[in-house]
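**Student:** Residues per chain are reported as follows:
There are 4 protein chains.
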Amino acid sequence: MPKWIVKKNFEKLPKLRNPVLIEGLPGMGQVGKIAVDFLIDELEPKLLYKIYSHDFWHSVYFNDDGFVELPSVCLYYAKGKKRDLLFLAGDDQPNSPRASYQFSEKILDMAEELGCREVITLGGIGLPSEVKNPQVFGAVTGKDILNKYSSLKIDFRLGKKIEAIVGASGLLLGLARLRNINGMALLTETYGHPSHLGFKEAKGILTHLKKIIGMDIDLSDLERESAEYEKTRLKLKDEEQEISRLKKLRTHFHDTPDVQYIG
Amino acid sequence: MPKWIVKKNFEKLPKLRNPVLIEGLPGMGQVGKIAVDFLIDELEPKLLYKIYSHDFWHSVYFNDDGFVELPSVCLYYAKGKKRDLLFLAGDDQPNSPRASYQFSEKILDMAEELGCREVITLGGIGLPSEVKNPQVFGAVTGKDILNKYSSLKIDFRLGKKIEAIVGASGLLLGLARLRNINGMALLTETYGHPSHLGFKEAKGILTHLKKIIGMDIDLSDLERESAEYEKTRLKLKDEEQEISRLKKLRTHFHDTPDVQYIG
Amino acid sequence: MPKWIVKKNFEKLPKLRNPVLIEGLPGMGQVGKIAVDFLIDELEPKLLYKIYSHDFWHSVYFNDDGFVELPSVCLYYAKGKKRDLLFLAGDDQPNSPRASYQFSEKILDMAEELGCREVITLGGIGLPSEVKNPQVFGAVTGKDILNKYSSLKIDFRLGKKIEAIVGASGLLLGLARLRNINGMALLTETYGHPSHLGFKEAKGILTHLKKIIGMDIDLSDLERESAEYEKTRLKLKDEEQEISRLKKLRTHFHDTPDVQYIG
Amino acid sequence: MPKWIVKKNFEKLPKLRNPVLIEGLPGMGQVGKIAVDFLIDELEPKLLYKIYSHDFWHSVYFNDDGFVELPSVCLYYAKGKKRDLLFLAGDDQPNSPRASYQFSEKILDMAEELGCREVITLGGIGLPSEVKNPQVFGAVTGKDILNKYSSLKIDFRLGKKIEAIVGASGLLLGLARLRNINGMALLTETYGHPSHLGFKEAKGILTHLKKIIGMDIDLSDLERESAEYEKTRLKLKDEEQEISRLKKLRTHFHDTPDVQYIG
Numbered sequence: 000m001p002k003w004i005v006k007k008n009f010e011k012l013p014k015l016r017n018p019v020l021i022e023g024l025p026g027m028g029q030v031g032k033i034a035v036d037f038l039i040d041e042l043e044p045k046l047l048y049k050i051y052s053h054d055f056w057h058s059v060y061f062n063d064d065g066f067v068e069l070p071s072v073c074l075y076y077a078k079g080k081k082r083d084l085l086f087l088a089g090d091d092q093p094n095s096p097r098a099s100y101q102f103s104e105k106i107l108d109m110a111e112e113l114g115c116r117e118v119i120t121l122g123g124i125g126l127p128s129e130v131k132n133p134q135v136f137g138a139v140t141g142k143d144i145l146n147k148y149s150s151l152k153i154d155f156r157l158g159k160k161i162e163a164i165v166g167a168s169g170l171l172l173g174l175a176r177l178r179n180i181n182g183m184a185l186l187t188e189t190y191g192h193p194s195h196l197g198f199k200e201a202k203g204i205l206t207h208l209k210k211i212i213g214m215d216i217d218l219s220d221l222e223r224e225s226a227e228y229e230k231t232r233l234k235l236k237d238e239e240q241e242i243s244r245l246k247k248l249r250t251h252f253h254d255t256p257d258v259q260y261i262g
Numbered sequence: 000m001p002k003w004i005v006k007k008n009f010e011k012l013p014k015l016r017n018p019v020l021i022e023g024l025p026g027m028g029q030v031g032k033i034a035v036d037f038l039i040d041e042l043e044p045k046l047l048y049k050i051y052s053h054d055f056w057h058s059v060y061f062n063d064d065g066f067v068e069l070p071s072v073c074l075y076y077a078k079g080k081k082r083d084l085l086f087l088a089g090d091d092q093p094n095s096p097r098a099s100y101q102f103s104e105k106i107l108d109m110a111e112e113l114g115c116r117e118v119i120t121l122g123g124i125g126l127p128s129e130v131k132n133p134q135v136f137g138a139v140t141g142k143d144i145l146n147k148y149s150s151l152k153i154d155f156r157l158g159k160k161i162e163a164i165v166g167a168s169g170l171l172l173g174l175a176r177l178r179n180i181n182g183m184a185l186l187t188e189t190y191g192h193p194s195h196l197g198f199k200e201a202k203g204i205l206t207h208l209k210k211i212i213g214m215d216i217d218l219s220d221l222e223r224e225s226a227e228y229e230k231t232r233l234k235l236k237d238e239e240q241e242i243s244r245l246k247k248l249r250t251h252f253h254d255t256p257d258v259q260y261i262g
Numbered sequence: 000m001p002k003w004i005v006k007k008n009f010e011k012l013p014k015l016r017n018p019v020l021i022e023g024l025p026g027m028g029q030v031g032k033i034a035v036d037f038l039i040d041e042l043e044p045k046l047l048y049k050i051y052s053h054d055f056w057h058s059v060y061f062n063d064d065g066f067v068e069l070p071s072v073c074l075y076y077a078k079g080k081k082r083d084l085l086f087l088a089g090d091d092q093p094n095s096p097r098a099s100y101q102f103s104e105k106i107l108d109m110a111e112e113l114g115c116r117e118v119i120t121l122g123g124i125g126l127p128s129e130v131k132n133p134q135v136f137g138a139v140t141g142k143d144i145l146n147k148y149s150s151l152k153i154d155f156r157l158g159k160k161i162e163a164i165v166g167a168s169g170l171l172l173g174l175a176r177l178r179n180i181n182g183m184a185l186l187t188e189t190y191g192h193p194s195h196l197g198f199k200e201a202k203g204i205l206t207h208l209k210k211i212i213g214m215d216i217d218l219s220d221l222e223r224e225s226a227e228y229e230k231t232r233l234k235l236k237d238e239e240q241e242i243s244r245l246k247k248l249r250t251h252f253h254d255t256p257d258v259q260y261i262g
Numbered sequence: 000m001p002k003w004i005v006k007k008n009f010e011k012l013p014k015l016r017n018p019v020l021i022e023g024l025p026g027m028g029q030v031g032k033i034a035v036d037f038l039i040d041e042l043e044p045k046l047l048y049k050i051y052s053h054d055f056w057h058s059v060y061f062n063d064d065g066f067v068e069l070p071s072v073c074l075y076y077a078k079g080k081k082r083d084l085l086f087l088a089g090d091d092q093p094n095s096p097r098a099s100y101q102f103s104e105k106i107l108d109m110a111e112e113l114g115c116r117e118v119i120t121l122g123g124i125g126l127p128s129e130v131k132n133p134q135v136f137g138a139v140t141g142k143d144i145l146n147k148y149s150s151l152k153i154d155f156r157l158g159k160k161i162e163a164i165v166g167a168s169g170l171l172l173g174l175a176r177l178r179n180i181n182g183m184a185l186l187t188e189t190y191g192h193p194s195h196l197g198f199k200e201a202k203g204i205l206t207h208l209k210k211i212i213g214m215d216i217d218l219s220d221l222e223r224e225s226a227e228y229e230k231t232r233l234k235l236k237d238e239e240q241e242i243s244r245l246k247k248l249r250t251h252f253h254d255t256p257d258v259q260y261i262g
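Protein chains in written order, with numbering that gives the first Met the number 0: chain C, 0 to 262; chain E, 0 to 262; chain P, 0 to 262; chain V, 0 to 262.
Only true hints are included.
What follows is a list of derived Cβ distance ranges for each label pair:
| # | chain 1 | residue 1 | chain 2 | residue 2 | range |
| --- | --- | --- | --- | --- | --- |
| 1 | V | Glu129 | C | Leu177 | 48 to 58 Å |
| 2 | V | Arg156 | C | Glu41 | 27 to 37 Å |
| 3 | V | Leu126 | C | Lys2 | 27 to 37 Å |
| 4 | P | Glu10 | E | His192 | 52 to 62 Å |
| 5 | V | Glu43 | P | Asn179 | 24 to 34 Å |
| 6 | V | Glu129 | C | Leu151 | 50 to 60 Å |
| 7 | C | Asn62 | E | Leu177 | 46 to 56 Å |
| 8 | E | Phe9 | C | Asp215 | 47 to 57 Å |
| 9 | C | Asn62 | E | His192 | 43 to 53 Å |
| 10 | E | His192 | C | Lys14 | 50 to 60 Å |
| 11 | V | Ser194 | C | Asn62 | 32 to 42 Å |
| 12 | V | Val5 | P | Lys11 | 35 to 45 Å |
| 13 | E | Leu177 | P | Pro13 | 22 to 32 Å |
Restricting the straight-line Cα-Cα distance to at most 16 Å, the calculated cross-link-like pairs of lysine to aspartate or glutamate (EDC-like) are:
| # | chain 1 | residue 1 | chain 2 | residue 2 |
| --- | --- | --- | --- | --- |
| 14 | C | Lys160 | E | Asp64 |
| 15 | C | Lys81 | C | Asp215 |
| 16 | C | Lys142 | E | Asp64 |
| 17 | V | Lys142 | C | Glu68 |
| 18 | P | Lys142 | V | Glu68 |
| 19 | E | Lys159 | P | Glu68 |
| 20 | C | Lys159 | E | Asp63 |
| 21 | V | Lys142 | C | Asp63 |
| 22 | V | Lys14 | V | Glu111 |
| 23 | E | Lys159 | P | Asp63 |
| 24 | V | Lys14 | V | Glu112 |
| 25 | V | Lys160 | C | Asp64 |
| 26 | V | Lys159 | C | Asp64 |
So the derived list for chain C, only partly shown, Cβ under 10 Å to chain E, looks like this:
| # | residue |
| --- | --- |
| 27 | Asn94 |
| 28 | Ser95 |
| 29 | Tyr100 |
| 30 | Gln101 |
| 31 | Ser103 |
| 32 | Glu104 |
| 33 | Thr140 |
| 34 | Gly141 |
| 35 | Phe155 |
| 36 | Gly158 |
| 37 | Lys159 |
| 38 | Glu162 |
| 39 | Ala163 |
None of these hints come from the bench; they were simulated from the model. Predicted, not measured: the structure shown is a model, and the values here were computed from it. C-beta: ideal position from N, C-alpha, C; glycine also.
Generate coordinates for the entire structure from the input sequences, incorporating the hints supplied.
**Tutor:** Listed below in structure tokens is the structure:
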């Protein structure tokens, strides 16, 4: 049995309007994480659950105050325009098949209790080299959600490009499907190098996500970060500087799920 | 404890005539999978169980409609001439010793409940290079089944060629033996490269299996696929095209059990 | 929880005279296995338990009749001169820490129920090259058993040579110690190559073991096998022939515990 | 469920004055282990618990008398000047995420029962080459303990240097934080080579620890050992001698947690 340590940050579970769960955990190019962390900075959603787990990496990280803290994953909610938003963000996700399934079931239990009937997972498709104009691909759990979002300028033939979506970004959709919850993955091409940070790619995903959640979010801060990252990277000669930059983002990289690029 | 999500596709368990279970899960050269998937296309058996498991790969695939779906394994049945047939086919099989044992026990429980007293597993013996005239070898759980099938033109001295049959193709037989269920493996030589698709080898196995199940199955479609595969492969220069071809078959390759070639 | 499938081969547990358990499972140089398998051939002990386990390799092997069978471990007993003998032999041993501990506890439970208060484990110390005159080293759980066997011409300073005894050969002793059961390891230098078969080294161990169990066992058959093995090996140019020879011994090699050579 | 074999070495749990737990298990450069083993030699604390676990390496080591023994971890206490001391030392620590979490929870349960409200973990930051003047860094669980120890000449910006503290040295702090127990890691730069022994670095840590626990401990023995180690190492040409030296210290190295150096 997995051991969860779940800290509730509410007295009464909020009543949400048709909330959509948006997942952005560490993964390929850190695209999903950068995108959702950015949304959390911008929209300042309220923390609902902070989850520690015996299936996360057996380590501690440094939080914003520089204090050591166990890796955790947090579930937030924000009031949206027409519907409310749930965000799943954090430091880690379980690494083995069984633990990854159990984690995803757990998250869906929490989301369902909050009335969630739609899940959108974000991530990257790791390519063997840098991508000039990264394209965003979509994948869905069924016809209903495909029709709902077919007007978006997203190529929904992800299955032509990759074989599988690995980790929480995949399992949350697959397990949602079994619960008759709609699911969609938005995956962008990115550079598969473990130390690459896909700012530009995250921006690409958010451009579509803005339309999906019907909110006008200013992406200029992310653009600036992306430009700065690109500029610095051009100058970098030694890996060490790049790594110290990574650290500032408090992302960690012992694992990069999302997808294996196969064709 | 493993977590199974089993979807029943029947109201009442069908009464079968002395059914034989034929297994063709992903493995070496995908031979077993290609063979059983072909039989399923030809004979259109009825789905009994669709099984998802926390021990399958923590990922989602793309189904025929392009929608994401958890990896699953299915049990089908078809009415045969003298006896009925059970087919075990799917996307994955568990990877660790304990999970593989638990999976195989589970499948045998289901087969036994359907009255099955004979199991035939199909697979490949991975050789280090391409095989011009792949030979089919057999292995059995005891004398009764050896006598039953001794008239087949199969070399039953598999034990001279390999040391062990790995994964479900082996465990289903070993565990069947403990239940006094007869078992036979039909393994063909194949190219052990993880991206090789043993169409030709699958055809070789089916030639024998036709006699075993006493049915006249037209293998010309498989022959065509095999010829096309061979032709294309000759032309291929880059791996990418080959991989995209693999994808069309919706097989996946993160693991190739069946046998380790040892001599 | 581990799953054990234990077949009892007796109606009533035999009453044994102060039995000593002698372990010879697959390991470094297959020394322990060769030694105990030889004793079983010579002394023809009676089978007590045949043990299958979900923690053994998920595969089937070929038994003497060429039929497929799950890997198993067997416990035998033989009447000895002054005291009786228990033999632990088989195809495999669990591979992970937890499973190896559970397995060793299980075996000690069985041995204790049979009145066993002494355990002797056999194995090899893998050296990086062939050993002309392999030396036998001993290690014990305490003073009593050290005094008991100090007259043997064995170097009991194994701790000067290696850092740890890995797998069942080690754990059976360590766990025995916690039960106040005496334990001794007899480890011989051997060639650590995974395909090496330490016939000569097994003979070296049996020379000592004969004295320990006070029985006159003719080792000439083993000598012959050893000489034949050495002769053939000199001729061998390709690995394949060597491997097919290995297969005849029905040993398998996916893992070689016993010891890691460190100095 | 993990299996623990816990030997109590007391009749009644001692009443301790505000004890601080000091952890020094095997890890990077063996710094923590050397430091705490040295304190145990000097202060001769009383053994409280000896812990064996199914999650330690499946092997036996050789104890001071040369007898084989399971790997174990021990909890000791010593009367201190103003407050009492708990020491955690031993041969091993669990290796996988889940087992490492369970182990650390177990240790904290024991410490809490003894009234412990402060945990200090010791370890190394593995650098890619030898370190002339290794620096000690600190990390804490919160403001209170930071203020308490801010007068020490330790750089508390460990988070600028490394990304994570791995294994028990990290988890004991992270899990302590959830129990409102204060925690601090003292990590020193060290050479990350698996066979390096950080005597000098351990001395560096103890210089700070002396002040923390308010005791005057003579480090000259450790200095001598360090000087001898440095001298011998300069002469060493082959790895074997170094390894045999390692063995004398009864440390083992199949794993080196503490931290991954990242920048």
